[in-house]
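Asker: Chains as they are written, first to last, in my numbering: chain Y, 1 to 114; chain W, 1 to 176.
Keep in mind that the hints were calculated from the coordinates and are not lab data.
Some hints could be false.
[Stated by the list, open to error] Cβ-to-Cβ under 8 angstroms is the rule here; a few derived chain Y residues that face chain W: (1) 12; (2) 35; (3) 38; (4) 56; (5) 67; (6) 77.
[As the list claims (entries may be wrong)] Where chain W lies over chain Y, by a calculated footprint (3+ residues, C-beta under 8 angstroms): (7) 16-23; (8) 39-52.
Idealized CB from N, CA, C, for every residue including glycine.
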Amino acid sequence: VIPVTHFLYLAFGLFVLGLAGLLFSRHLVRALLSAQLMLAGAGLTLVASSRWWGNHDGQVMAVLVALVGAAQLVMGLAVARNVRWSDPPPPGDDEGGVAADSGEPAAKEATHGA
Amino acid sequence: MSWAELFFLIFAALVLGGAFLLLRANDPRRMIGGFALVYGALAAIHVLLLAPVVAVVHSLIGGSMVLAVAPVARGLLGTRRPIGRSGRILGGLGLGVLVFVLLGTLARQYLSYGADVDADPHFGGFGRLAADLMGPRALALDVAGVILLVAVLAVVLAARVFTAAGRDEAAGEGES
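So here's chain Y without its partners, still in its complex pose (with noise of 0.2 angstroms):
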């Protein structure tokens, strides 16, 4: 038998997972992906919460929060994929970033866009 414990740490240190990643990765897809991990601890805290108390009403909600994010997702997706930001690359970062749509260098997409 395992302690609820259990489940709710690994929802925490995923939660912190994907929060780390949306507060320092300057990748879009890693940061979108990285809330659907946030997401995706809250929902175990809240199945584990559901077995214990053993009620269902945890389960139910697990389910409306991974719908909600399957929105945030899609609706991230497609504002990213329409979006340039237009702030040069710091110097000295070598994650060789290259714009959405063109494939250029993002420097040049930078000043481009200035």
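Assemble chain W onto chain Y, guided by the hints.
Answerer: Same frame as chain Y, now just chain W:
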């Protein structure tokens, strides 16, 4: 250590490993692979929690997300979003507090385990959850479904608008 606990540890390691892969990978295929690994292992953990319906819903939504992200991931990977210095400092502080709480509560786990989850084998069946979703929670399910539907319709509309605008822009550049 029981079999259930062993399976939990294996799947928890897969979840965290997939999350690390997502955060560290530079190749979009590996990034999406890490995301799929997280959702797959999470589905197994939901089954351990006697929530098969949630596991199925999570798997379907996770698969849809992978299918939605994969075609655009390569083009978007290098797209940069601005993060200011203050955002990094505040984010770092918030994350530090969360990690402190996690480590503190994990240390407490050595003193006293949490309560065991209830072993009711009839918990989490499809019929009971469906009765909940379609009965007292029908409005919430409807609202979430409408939000998802509106999001999908908005994406289709945005794709048409931006595609037409891009075509006009390209035509204008061609003429000049």
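Asker: Minimum Cβ distance from residue 56/Y to chain W below 8 angstroms?
Answerer: holds, 5 angstroms
Asker: Is the hint on residue 67/Y kept, meaning its closest Cβ partner in chain W is under 8 angstroms away?
Answerer: holds, 4 angstroms
Asker: Going by Cβ atoms only, is residue 35/Y closer than 8 angstroms to chain W?
Answerer: violated, 11 angstroms
Asker: Please check whether the stretch 39-52 of chain Y has three or more residues whose CB lies within less than 8 angstroms of a CB on chain W.
Answerer: As far as the stretch 39-52 of chain Y goes, the hint holds, because 8 residues have Cβ atoms under 8 angstroms from chain W.
Asker: Take the shortest C-beta to C-beta distance between residue 77/Y and chain W; is it under 8 angstroms?
Answerer: With Cβ-Cβ at 6 angstroms, under 8 angstroms, it holds.
Asker: Given residue 38/Y was flagged as interface, is its beta-carbon under 8 angstroms from a beta-carbon of chain W?
Answerer: It is violated, given that the least Cβ distance between residue 38/Y and chain W is near 10 angstroms, above 8 angstroms.
Asker: Can you confirm whether chain W covers the stretch 16-23 of chain Y, using C-beta to C-beta distances below 8 angstroms and requiring at least three such residues?
Answerer: With 7 residues in contact (Cβ-Cβ under 8 angstroms with chain W), the coverage given for the stretch 16-23 of chain Y holds.
Asker: Hint residue 12/Y vs chain W: min CB-CB distance below 8 angstroms?
Answerer: holds, 5 angstroms
Checked against the numbered hints given earlier, this structure breaks hints 2 and 3; the rest are met.
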